[in-house]
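Given the sequences, and given the hints that come with them, work out the whole structure.
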Amino acid sequence: MTNSQVGPTQHIQHKIPRDHTATYLSGAEILIKELERLGVTHIFGYPGGAAINIFDALYDSSIELILSRHEQGATHMADGYARASGKIGVVLVTSGPGALNTVTGILTAKMDSVPLLVISGQTNSGNLGKDAFQEADVFGVTMPLVKHSRLILSTEDIAPSVRRAYKIATSLRPGPVLLDLPKDISAKKISYDPGAPLAIDAVLAEKALSPEQLLACRDMARLIMNSQRPLLLVGHGAIISGAAAEVTMLAETLQCPVTNTLLGKGAFSEQHPLSLGMLGMHGNAYANYATTRCDLILSIGSRFDDRINGCNEEFCPLAKKLHIDIDPGEIGRVVQPDAAVLADAKMALREILRHIAPLPTAAWLQELGEYRQLHPLRSGPTAGGLARATTDPSLRAAQVLEALNEVLPRGAVVTTDVGQHQMWAAQFILSESPRTWLSSGGAGTMGFGLPAAIGVQFARPDATVVAVVGDGGFQMVQAELATAAIHLLPIKVLIIDNQCLGMVRQWQELFYNNRLSSVLLEGNPDFLVLGAAYGIKGFYIDQPSQMADVLQEALAYDAGPCLIHARVVSEDNVWPMIPAGRSAGDIVLAPPTVRLAMPTGST
Amino acid sequence: MIDLDTKPPFLNGTERVFTLHLQVRRELGIIVRVALIFSRRGLDIAAFNLEESAAAACALIKLRFYGNAAQKDSVCRDLIKLVDVERMWTGEMPREVPQSVCSYAKNEFNQLVVAGEHL
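Those sequence lines, one after another, are chains A and B. Under the numbering used here, the letters of the first sequence match residues 12 to 614, in that order. Under the numbering used here, the letters of the second sequence match residues -2 to 116, in that order.
These are computed hints drawn from the structure, not numbers from a lab. On a predicted model such as this, the values are computed, not experimentally measured, just so you know. Honestly, I wouldn't trust all of these hints.
[To be verified] Think about it this way: if two alpha-carbon atoms lie no more than 27 angstroms apart in a straight line, the pair counts; the simulated BS3-like pairs of lysine-lysine are:
id : chain 1 : residue 1 : chain 2 : residue 2
1  : B       : 69        : A       : 332
2  : A       : 44        : A       : 199
3  : A       : 200       : A       : 141
4  : A       : 98        : A       : 44
5  : B       : 59        : A       : 331
6  : A       : 199       : A       : 141
7  : B       : 59        : B       : 69
8  : A       : 44        : A       : 200
9  : B       : 69        : A       : 121
Spelled out as structure tokens, the structure:
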């Protein structure tokens, strides 16, 4: 089957305009009108009985509904759409199981501060609490996971609830908001006056710093100017804030090295001479080394989480710790800072830039450069773990991702799943600009990569989008291939197939005496045949010599989605590694010759 | 009722009794949202009281829990982030509650407007 045989005809439907008065609208119609007025152009979802009024209202709307194959897929698509565009992602699902299938996606968005609006249909309000068909208390179930939520109990409350949900989801530290809408409330017709245009820009506009914030910035600048070995740590907050230019200006002005978290990739170009790349559990040796030697670390929109700070007492032992964050809950939550600015990162950096000058960091940069020469990242046959000969022709995952980095066009967007391939991709695919690296950081959600890539392609139709996924995570969401195929989205799905759950296997090998328990993925399908069943073109790699040509051919293919099946060795491990609960000084740079102690950290 | 001035014998070394007062919007689920902040940390709420407020749209919550100072600080930071929590005080609530004595306060969209003792 070819791509020309799938898709387009399935979209052709004859839309019959409905007869309704201009001023009396159903709750569902008001909901859609409000979303239109808020600038929403795409909704990702899956219909059902309790949401059928809303889907009916969409029939006449300018908003395009992207039909997923599972509600979890829809939430990750909306998440990818939001991360790539900076706009809100909107999800529409039905009650009961439909709503509960969004839970993992809501957690993913919450952990990574992604603005998401999840709208769930609900049983009639009179049925609430009666175990009605497809009734589930999604309002209660998601309460710990959302930034806010609301069970709407009157049709009049729909418009203000939607506007408020939008503002809450997108303002300050973004996050998911859930609106649960009973069917009778969405069906009832009321008089609707949309009123004046919504002043949504006011919420998102840059806010001037308060006198207290200005003072805190100046104090912070003073501390920076006393440093001789400074280090900038940029996280996702810097990207959300749109502070990439300010981060670059700060680093270049100070001549200060920069490291980034997993989600901070792209906030500062990893090709920049001052970039140390990613730090943390599987971060670059030289980035982690910098944390052990710096005399000042300035976190810009990073929350010092346990991926970069396994041992709080030993984190940056010589450094004054400075923290810029918009979320008051993050200041002092993990690391008690010596100085903090509670503000938008972009605005804070602009003020700090007014009070700084170049620092004498030549010796510091030379020290880091020398360490980098000693301990570079390695992707070849000796890097992974087994004592393989350097002539081993087997394909290694890290090699594939290093090769992908070399052929990716500028501005390409990469999404990933979670596990070994995610860490290798983070190490070897160098992000140069914000919103080009999308990965589930906090939640660590397998199955994120493919649907997120679909969402990205809707947000940025002209971008090259590559989903780097493992054979495990891909199979959790593979049905979304249909969504990609139907819309002829030219996403490239690179399956790093090591026939196992590699990161768990790595832990079992290193810390559990190689007792491999439930990690071997026997029964994997023939991925290319699977793709072909959806009309998707396939490519195959199992030799290093094939990588560059095949990857280039796949990247050039734009008639629809394609699968690249990279069959790699199973036994490779990700290095470097800081065992969970340990500090950067305990980093393991290469396969150990003695058994490692059991980590004290959880994962 | 436990005497606030006396450390209960069942508390561990650094644990203390903390009292929090919250002014909250009377919105569906607010009690659960507050309770979840404690339960997700494995903290037990020892006493919980909900009262109507002079403001019709608001209610006052008084609660007590046992924990250490770091846990109390962590709890407070998450409580004030709840959209429907408008203001919060630690210790005894003053008879008059002008904005100036609030440990935490914020505007409609969760933005802190008063930097309190913990920030």
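Structure-based check of each hint:
Between residue 69 of chain B and residue 332 of chain A the CA atoms are separated by roughly 23 angstroms; this keeps the pair inside 27 angstroms, and the hint holds. A hinted pair counts as satisfied when its Cα atoms are at most 27 angstroms apart, and residue 44 of chain A with residue 199 of chain A qualifies at roughly 15 angstroms. In summary, the hint linking residue 200 of chain A to residue 141 of chain A is supported, as the alpha carbons are separated by about 25 angstroms, within the 27 angstroms threshold. A threshold of 27 angstroms between alpha carbons decides the hint, and for residue 98 of chain A with residue 44 of chain A the separation of about 18 angstroms falls inside it, so the pair holds.
This hinted pair does not check out: residue 59 of chain B and residue 331 of chain A have alpha carbons roughly 38 angstroms apart, beyond 27 angstroms. The hinted pair formed by residue 199 of chain A and residue 141 of chain A meets the criterion: a straight-line CA distance of about 21 angstroms does not exceed 27 angstroms. In summary, the hint linking residue 59 of chain B to residue 69 of chain B is supported, as the alpha carbons are separated by about 14 angstroms, within the 27 angstroms threshold. For the hint linking residue 44 of chain A to residue 200 of chain A, the alpha-carbon distance of about 14 angstroms falls within 27 angstroms, and the restraint holds.
The suggested pairing of residue 69 of chain B with residue 121 of chain A holds, with an alpha-carbon distance near 23 angstroms, which does not exceed 27 angstroms.
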